[in-house]
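Using the hints, put the two chains back together into the complex; each one sits in its own frame.
The listed protein sequences derive, respectively, from chains S and L.
Each residue of the first sequence is one higher than the last, beginning at 1 in the working numbering.
Each residue of the second sequence is one higher than the last, beginning at 1 in the working numbering.
The hints are all genuine.
Incomplete in silico selection of chain L near chain S, CB under 10 Å:
hint	residue
1	Met54
2	Ile59
3	Leu61
Rough simulated footprint, nothing fancy, chain L against chain S, three-plus residues with beta-carbon under 8 Å:
hint	region
4	9–19
5	46–56
6	99–107
Since the hints were derived computationally from the structure, they do not count as laboratory data.
Since the model is a prediction, treat every value here as computed from it, not as a measurement.
Every residue, glycine too, gets a C-beta built ideally from N, C-alpha and C.
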Amino acid sequence: MKPMNEMAVSFLSCSSNESFGRSAVAMFVAQLDPTIDELSDIKTAVSEAVTNCIVHAYRDTIGIIYINCKMFDSGKAVIRIRDKGCGIENIKQAMQPLFTTAGDERAGLGFAVMESFMDSLRVSSKVGRGTTVTMSKTIARRPRDDEKNKTAG
Amino acid sequence: MSVRLILKEDKLTAILGGEIDHHSARELRAEIDDTAANVRPRRLVLDFSGVSFMDSSGIGLIMGRCKLMQLWGGRVKIVNMSPKIEKIVSLAGLDQICTVAKGGKTDETNE
Numbered sequence: 001m002k003p004m005n006e007m008a009v010s011f012l013s014c015s016s017n018e019s020f021g022r023s024a025v026a027m028f029v030a031q032l033d034p035t036i037d038e039l040s041d042i043k044t045a046v047s048e049a050v051t052n053c054i055v056h057a058y059r060d061t062i063g064i065i066y067i068n069c070k071m072f073d074s075g076k077a078v079i080r081i082r083d084k085g086c087g088i089e090n091i092k093q094a095m096q097p098l099f100t101t102a103g104d105e106r107a108g109l110g111f112a113v114m115e116s117f118m119d120s121l122r123v124s125s126k127v128g129r130g131t132t133v134t135m136s137k138t139i140a141r142r143p144r145d146d147e148k149n150k151t152a153g
Numbered sequence: 001m002s003v004r005l006i007l008k009e010d011k012l013t014a015i016l017g018g019e020i021d022h023h024s025a026r027e028l029r030a031e032i033d034d035t036a037a038n039v040r041p042r043r044l045v046l047d048f049s050g051v052s053f054m055d056s057s058g059i060g061l062i063m064g065r066c067k068l069m070q071l072w073g074g075r076v077k078i079v080n081m082s083p084k085i086e087k088i089v090s091l092a093g094l095d096q097i098c099t100v101a102k103g104g105k106t107d108e109t110n111e
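So here's chain L without its partners, still in its complex pose (with noise of 0.2 Å):
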């Protein structure tokens, strides 16, 4: 499990890797806020590109950056998910409350 957080302008992007369960999405969850709480950014970009498993304490990782976000009128987008990651995302219904890239997409920097 790892993130890796890059800020550009008003977008923080966090890199995930990894297995997420519930053990692992403690220490994602933290090190996300930590750094999204200081810079306050326009839009949170969750990219699962090197997320090798993922159950549902990932859909509700997700739910509670979107939580978060909302507090200073942000937006979360969901990046580069596997079809495994997409399958559970799409039980929850998360494109309700946040961005959902379909078809492995990658971000695009410029929309």
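Only chain S is shown next, with the shape it has when bound in the complex (with noise of 0.2 Å):
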């Protein structure tokens, strides 16, 4: 299916660049009409990928951070969050919840979060490569306040 609408952004993993790249996906995706919870899960779920992109993926070097994001007729928002780093070696150990390497002051729970506020999420990734992350969340359609007015006038 053709998307009715798509945006591109890349960037560095700074960690100073995490706040833009969530807030640059939530603003697309305000086209949707998504409710402040909608779009909180997803701001909350694309900081987790950008930060492990971060953490892991580029790990003691600078890299560049891929977000590609598309939006469907039924309310659909695809984002896929894409690095060139490391790659995950295990990727059924890495999601699961309190897994970690990246040491005491992280929780793991990076993936459990994306699992959890999206409606669906892919991982794939290739050890020297990179990975790539697919997460998918339906923006239910909510009559507008226009189109309320219309049906009652």
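Right, dumping it as structure tokens:
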């Protein structure tokens, strides 16, 4: 199916860009008229994926993080976050809640948050080549105020 | 991102504000730990009333402070969480390692 709208951004894996990454997606997805809660779920999930690129994929180095977001007529938003970093050896293990290789200050909940806050999550990775996280969420269509008025009038 | 630290007897309260992610958590951690290591409070209260966004880095921040407080037998309490923050906190099962004030309750000073 053809998306009705699409955007792409890429930026360096500096931790100061975490806020830019999630805000850019949120501002784009806002066109689907999500609730504050839906938007907050998307922001949180994107923040987790971007943080993974910075903390794991490009650990001790700076690389480029690529975000692509598609919107469909159905209200579905598909967000893809890609890096060309170190890759994940064991995806199943990496996705287990509380598993982390990043030390004491990381909770190991990144994928668990993405999974529970989004409708779907797919992770593909090649060691030495990079990782792609694809997630989607369908924004419930609500009657807009002007449409409501039309039917009422 | 901001933190205001208030020490009252043996209780240190950290009033957090702004967005907590991996980037901002580093600074928050440094500020809280500096003071906590100096005064070694019995209780550390993390107040989330001013936090507009938090991802799992906030969970790491809470878990790390719990470990720190355990060094001298102190305890952490987390208060004033919005439903959004409670959603993440419940994923982590934090009530095992610290006191979680439910339902947006404020911190009771004389417990």
